[in-house]
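Novice: Take a look at the letters that make up each chain.
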Amino acid sequence: MSAATGNCTAEGGVSRGNLRYSAERGQREVFCGLTGIIWLHRKIQDAFFLVVGSRTCAHLMQSAAGVMIFAEPRFATAIIDERDLAGLADANVELDRVVTQLLERRPDIKLLFLVGSCPSEVIKLDLSRAALRLSSRFSPQVRVLNYSGSGIETTFTQGEDACLASLVPGLPRLGEEAAPNLLIVGALADVVEDQMRRLFDEMGIADVQFFPPRRSTLLPAVGARTRYLLAQPFLADTARALEELGARRIAATFPLGAEGTASWLKAAAEAWAVDPSLYRRVTQPAYERAQRALSRYRDLLAGKRIFFFPDSQLEVPLARFLSAEMGMELVEVGTPYLHRAHLSADLDLLPPGTRVVEGQHVENQLDRCHAAKPDLVVCGLGLANPLEAQGLTTKWSIELVFTPIQGFNQAADLAELFARPLVRRTRLVA
Amino acid sequence: MRIATAMTDVHYVLHAPQGDTYADLLFTMIERLPRRPPVTYTTFQARDLGGDTAGLFQNAAREAFERFKPQAMLVGASCTAELIQDDPGGLARALRLPIPVVQLELPSYQKKENWGAAETFYQIVRAMAAPQAPPPGFKRPPRAPGTRASCNILGPTALGFRHRDDVQAVKLMLADLDVDVHVVAPLGASPGDLARLGEADFNVLLYPETGSLVAQWLGRTFDQKTIKSIPIGLGATREFIAEIAQLTGVDPGRALHGAPSNSSWYSHSVDSTYLTGKRVFVFGDATHAVAAARIAAQELGFTVVGLGTYSREFAREVREAAKLYGIEALITDDYLAVEAKVAELQPELVLGTQMERHIAKRLGVPCAVISAPVHVQDFPARYSPQMGFEGANVIFDTWVHPLMMGLEEHLLTMFRGDFEFHDAAPASHLGFTAAPRDQTAAPAAQPAVPAEAVSDRPSAPVSATAGALWAVDAEKELGKIPFFVRGKARRNTERFAADNAVALITVETLYDAKAHFSR
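Chains as they are written, first to last, in this note's numbering: chain A, 1 to 430; chain B, 1 to 519.
Chain A with its partners taken away, still in its complex shape:
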């Protein structure tokens, strides 16, 4: 690692709890939080996301999402131009006009998010006031909320965190006398949700709700007896907002792999005092099936050395799955942010001495990666082809966000994502 210079510091490693932690700053090769709209607009089917930003934001959404989505997307960009920069009053009038036009054209929209971007934040356009103003105009047909997906505030998956956190204050409240309910927090593929719901049902945990819901009219209720289980590791602000309403987190590993899923479900079962034998009876068949499916990939992955560039904050739970369940060796686990409380169960299961790096200095990290010559590099799309061209084998990290990977039935799919690039290398002779 090169010497620390100015802002681009690379602090020396700190050993704590048997892991080697360090933090670095420099160029971050990551998406901004706007990218979260790509999956959120599919998840909440009556929501629309209006980015208030520049042509660059529109270009990002168009090139990152437009190329993948063929249905009429439920997102758009209200472009700030020089006239808006001249005075804030104009920008607000302009925004009201765009929103009115949009809602006239799309009467199916029940929830509108005004999404802040880098330029809207730097010019201090107050989207929360705009959201209040528009909400009062269009209620009760449409609710208007706001959050920031800007690159100066959010990194990639933090966009989902900001979006969900903006929904929390408007959740229905449960009284003191209400029965305990379970909230699963974090966007999951519909198929995964359905599987999880069946397992909870069979264990007798009936009052389970998923957040975000599939429709904005199905928002879960929260109260002092609400317990929540995180399905995604990047929801710091959402968790804090839920706690403010009295909800309490059930600590668990994240539901990746057979073991990860089993202990995630087990944490909920224990919180609901489910009979351990019932828990076993419900989960054992799916657990064993997952293990059978995983065993095929274990030979391929065991002993292989893997290097994570920071991307989605899924890196720590993924590293736990790959080392603890698949026998891979962790060279470096880079992550944009490290939420030690939410990740503690997964961090505890990483092998002693694992290098965990928070933040990014992409040039220095590339130097370390080249020096280590790992068997597999998990990185963003901007780096993948250049690394492949230099002889390294890579796994696109974004696919880990866009694929159903949680739960027993997806455990082998997750392993396969890491095995495929390695298998491909062995197949190609020319």
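Treat the hints with care, since some could be wrong.
[Claimed, not checked] In silico DMTMM-like pairs for lysine to aspartate or glutamate, Cα to Cα no more than 20 angstroms straight-line:
1. A:Lys304 <-> A:Glu416
2. B:Lys171 <-> B:Asp251
3. B:Lys69 <-> A:Glu363
4. B:Lys228 <-> B:Asp271
5. B:Lys228 <-> B:Glu313
6. B:Lys171 <-> B:Glu243
7. A:Lys124 <-> B:Asp48
8. B:Lys228 <-> B:Asp178
9. B:Lys476 <-> B:Asp512
10. B:Lys228 <-> B:Asp176
11. B:Lys112 <-> A:Asp81
12. B:Lys69 <-> A:Asp367
[Claimed, not checked] Here are the simulated distance ranges between beta carbons:
13. A:Ala371 <-> B:Thr147: 23 to 31 angstroms
14. A:Pro107 <-> B:Ala501: 26 to 34 angstroms
15. B:Lys323 <-> A:Val191: 49 to 57 angstroms
16. A:Ala371 <-> B:Arg143: 50 to 58 angstroms
17. A:Gly170 <-> B:Glu475: 46 to 54 angstroms
18. A:Lys373 <-> B:Gly249: 53 to 61 angstroms
19. B:Lys112 <-> A:Ser136: 35 to 43 angstroms
20. B:Ala337 <-> A:Pro213: 45 to 53 angstroms
21. A:Arg289 <-> B:Ala337: 46 to 54 angstroms
22. B:His375 <-> A:Leu278: 47 to 55 angstroms
23. B:Lys323 <-> A:Gly391: 54 to 62 angstroms
Derived by calculation from the structure, the hints in this document are not laboratory data. Just so it is clear, CB atoms sit at the ideal spot from N, CA and C, and this is done for glycine as well.
Following the hints, complete the assembly by docking chain B onto the known chain A.
Specialist: The following block gives chain B in isolation, referenced to the frame of chain A:
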């Protein structure tokens, strides 16, 4: 960025928030570039805004210089960094780096990408070549007898539509004209190469959107002529060769006959008669859109029903071209406006960019891509130029492929009720499996209403639609009209009914409307 990434030995330091690095993946993924673009982003965050973002920029510039050792550095600000007004140019100059530092002023709240690329190319060419400039009023002496002419090729960039292959195709033509290629820029050029631009006899400008500022400046400064023809299509390629031959005094014979084109013969062959009068909608950058319209009309015998561009800087040229086809040009960067136009015109083929491909797909119209912005499948592994005689062949194949084959189209018109020939069935050579249509649909062996039932007149949205009802028979008859013009026939008939106060649309009304609009 398309300029910096196209070049070698330059580095671009961009003052930008985190997230803007997504631009890297346009190059590494869409163009499959095997290296990172030579760009360092400062990726500032909210916590930096209260502090020293200027220092952040200087550190990034200094580190980039030490690590990448470029011959020249570009510095600039992204849309957000523009707002915090850190003056990257002044900050970089204060570092006193031993290389030329070119400050880019690209006001992103006013201007678009092509303008930015043209301006960037111009700024770096000026920075490198101005020191070599002769005194003002310089007149280029005639070429010494017996020496070969030389030219620069201007305009190709990274992430351009077929630029790599176009350069190859043009080089082959120039070789046949005994013209040497001095510098190709920006694609593959180093800052040192740019310094030598003034040495060539003339310039070949392939992409005016990115290269015309440079070509004009070189013309003023070094008295270099610019070849104006852009060799996309057979006719334009011949003109390109003739223009160079005239300028350099070489015999164009070898270049004209060296690469015979199949496209001309294919277009004349009887099989291609089914192409006659196919209604095409053309949209793209100005250069490609104008060229495509000309090829469509003159070399394939299509009817150009729509022509447009997102390049406002070249709106005048596109409007002029549109007049040739008796239509009005669509100048817009709002893809919803383009979509509305395509839906209104109901063309049989859309020639456009990546965005029009989505539009055509949604509307169920065949489409071929003719212009940037493009997607990964528009960077084919094979040699696939748009320019020159081989380019004309590539264009013939690419545009004709998405269309229904001639006889198949007739059969489809004749046997509307055939379960494999229903509306959703694509052309059979495209190989999708078509789901059989509901078998209860009325079998219709009668000859269908010919497509001419539909005139090219603009059909304004009909407000009185609610007034006229369709009789069951008429609705059934409408179903026999080929699906790609059925919507138009429906709207024309409804308009006819509204204009004539017909309350119930019968089979007779349908044919009355057909007669009315086909006059």
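Novice: Compare the structure with each hint and give your call.
Specialist: Hint-by-hint comparison with the structure:
For the suggested pair A:Lys304 and A:Glu416, the alpha carbons sit about 14 angstroms apart, so the restraint of at most 20 angstroms is met. At roughly 17 angstroms between alpha-carbon atoms, B:Lys171 and B:Asp251 fall within 20 angstroms of each other, so this suggested pair holds. For the hint pairing B:Lys69 with A:Glu363, the CA-to-CA distance comes to about 14 angstroms; that is within 20 angstroms, so the pair holds. Of the pairs offered as hints, the one joining B:Lys228 and B:Asp271 is violated, with about 35 angstroms between alpha carbons and a cut-off of 20 angstroms exceeded.
This hinted pair checks out: B:Lys228 and B:Glu313 have alpha carbons roughly 17 angstroms apart, not beyond 20 angstroms. The straight-line distance between the Cα atoms of B:Lys171 and B:Glu243 is roughly 15 angstroms, inside the 20 angstroms bound, and the hint therefore holds. Taking the CA atoms of A:Lys124 and B:Asp48, the gap is about 16 angstroms. The hint holds against a cut of 20 angstroms. Taking the CA atoms of B:Lys228 and B:Asp178, the gap is near 19 angstroms; set against the 20 angstroms cutoff, the hint holds.
Taking the CA atoms of B:Lys476 and B:Asp512, the gap is near 16 angstroms; set against the 20 angstroms cutoff, the hint holds. Distance restraint check for B:Lys228 and B:Asp176: the Cα-Cα separation of roughly 19 angstroms lies within the 20 angstroms cut-off, and the hinted pair is therefore satisfied. Taking the CA atoms of B:Lys112 and A:Asp81, the gap is about 12 angstroms. The hint holds against a cut of 20 angstroms. Only pairs whose Cα atoms come within 20 angstroms are accepted, and B:Lys69 paired with A:Asp367 is accepted, the gap being roughly 16 angstroms.
A hinted range of 23 to 31 angstroms is violated for the C-beta pair A:Ala371 and B:Thr147, which are about 53 angstroms apart. Remark: the range hint 26 to 34 angstroms for A:Pro107 to B:Ala501 is upheld by a beta-carbon distance near 32 angstroms. A C-beta distance of roughly 55 angstroms is found between B:Lys323 and A:Val191, which places it inside the suggested range of 49 to 57 angstroms. For the pair A:Ala371 and B:Arg143, the beta carbons lie near 55 angstroms from each other, so the given range of 50 to 58 angstroms is met.
Between A:Gly170 and B:Glu475 the Cβ separation comes to about 47 angstroms, which falls inside the hinted range of 46 to 54 angstroms. Taking the beta carbon of each, A:Lys373 and B:Gly249 are about 59 angstroms apart, inside 53 to 61 angstroms as hinted. Distance hint check for B:Lys112 and A:Ser136: the Cβ-Cβ separation is about 37 angstroms, which falls inside the suggested range of 35 to 43 angstroms. Against the hinted window of 45 to 53 angstroms, the Cβ-Cβ separation of B:Ala337 and A:Pro213 comes to about 35 angstroms, which falls outside the hint.
At about 53 angstroms, the CB distance of A:Arg289 to B:Ala337 agrees with the hint of 46 to 54 angstroms. Range check, B:His375 to A:Leu278: Cβ separation about 52 angstroms, and the 47 to 55 angstroms hint holds. Checked against the given bound of 54 to 62 angstroms, the beta carbons of B:Lys323 and A:Gly391, roughly 56 angstroms apart, stay inside it.
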